[in-house]
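A.B. asks: Listed below, chain by chain, are the residues.
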Amino acid sequence: MLVTDQSSTAMTLKISSNAKEISLACEALHALCVYVTGNEKCAFDVQYALVEALNNVVEHAYGYQSDHEIIISWLHQDNRLQIEIIDNGRSLTVLPKPVLPDFEAENGRGWWIISACVDEYYYKVVENIERECALRPGEKNDKFDTTLVKSHQNILTLIKQF
Amino acid sequence: MVMNEQKHDDIDVIVLSGRFVMADSPEVRERLKVLIEEGHGKMIIDMEKVSFIDSSACAVLISAFKSMQSKSGRLILVTSPIVQSLIELTRLHTIFEILPTLPDALGVFSLN
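Those protein sequence lines, which keep their order, are chains A and B. If you're matching positions, the first sequence starts at 1 in my numbering and goes up one per residue. If you're matching positions, the second sequence starts at 1 in my numbering and goes up one per residue.
Some hints could be false.
Said to hold, decoys possible - Straight-line Cα separation of at most 30 angstroms, DSBU-like style, residue types lysine-lysine; simulated pairs:
| no. | chain 1 | residue 1 | chain 2 | residue 2 |
| --- | --- | --- | --- | --- |
| 1 | B | Lys49 | A | Lys41 |
| 2 | A | Lys20 | B | Lys71 |
| 3 | A | Lys97 | B | Lys71 |
What the hints assert, rightly or not - Taking beta-carbon pairs under 10 angstroms as the criterion, some of the chain A residues facing chain B (in silico):
| no. | residue |
| --- | --- |
| 4 | His30 |
| 5 | Ala31 |
| 6 | Asn39 |
| 7 | Lys41 |
Treat the hints as calculated values from the structure; they're not laboratory data. Model, not experiment: these values are computed from the prediction. Glycine included, each C-beta is placed from N, C-alpha and C at the ideal position.
The following block holds chain B by itself, in its conformation from the complex:
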């Protein structure tokens, strides 16, 4: 898996690509934790190019969501069809804020 970080004004954008599974989870979890702690409470995790995801990756997303909630921030996910499929299977789509593209997600933040 490849993880890239971008900054759009005060929004942290994490772009993930490839497989996001147990082998990658500790690294992503730690990096997100630092970014959330140091950030401005606005984060987008772009998984449009993620080709596969498992429940350990879902655990990382839940952890990030809870950390962001605890500082009254906002986390938006951008998903590929295969990521969306597992998120829906585990009913996490009822909790996460999900948008289809990165520009859509950036647009939501610029409205506020």
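Chain A extracted, bound-state conformation:
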């Protein structure tokens, strides 16, 4: 776990995509949350949501491969916490509805927990693309010949008022 950027209201953590580092990071952020908000329940709510979001990244974005990077960006201002979880793995194409599955189902409770524990959350995919447009003498070409996605980031933003 690496703290890469820090100020009085913001911090960025980099962790590997494995369950042990998630646990460690979440414990650290729980302590920070208690310090910032003075509210143990709020800190547990944030930790519940954060753990589920990070578990999803490990499981779905990186398919349990443990050597990928996850960035956790923390910002608190006034009475508002904003946490971004950033990965470069497989993107979601649908943000699942926060509903509880049947009791018999062992999985599928993560988004319900996230939804219940934060005030707002949203997901976005940011693609960095490269476009090519070849021009020959005298030609006018207002269309791009190729568009390549060079890299992307999946960003889940969690917002909690305190």
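Add chain B to chain A, keeping to what the hints say.
C.D. replies: Frame of chain A, contents of chain B only:
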């Protein structure tokens, strides 16, 4: 997380402490599976000293509950406030049998 096993007559008692999260789930799942298969259909999972739990741990508890049901056994959970909080949030308290302390849970088995 630390997992200890006790035997009270024919009751298997699993005492968990610390964080019970995704990193620990495979180990606990496998151990519970073996104990349920080899046991007498009476199990208590004592999580009074568990400091945090996530949905992957809930999945392990559901798996154990279903395995115990399939052999007509009985699983009782003992929970800490933070464990109880997530179990209630996910409505699992409507299905699981939960008691506040280990002596309470042992008492239930001794009545039968």
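A.B. asks: Confirm or reject each hint.
C.D. replies: Right, here's what the structure says about each hint:
A hinted pair counts as satisfied when its Cα atoms are at most 30 angstroms apart, and B/Lys49 with A/Lys41 qualifies at roughly 18 angstroms. For the hint pairing A/Lys20 with B/Lys71, the CA-to-CA distance comes to about 34 angstroms; that exceeds 30 angstroms, so the pair is violated. Restraint check: the Cα-Cα separation between A/Lys97 and B/Lys71 comes to about 35 angstroms, which exceeds 30 angstroms; the hinted pair is violated. The criterion of a C-beta within 10 angstroms of any C-beta in chain B is met by A/His30, whose closest approach is roughly 8 angstroms, and the hint holds.
Evaluation of the A/Ala31 hint against chain B yields a violated restraint, the C-beta minimum of about 12 angstroms exceeding 10 angstroms. Restraint check, A/Asn39 versus chain B: the minimum CB separation of about 14 angstroms is more than 10 angstroms; hint violated. A hinted interface residue such as A/Lys41 counts as satisfied when its beta carbon comes closer than 10 angstroms to some beta carbon of chain B; here the least separation is about 9 angstroms, so the hint holds.
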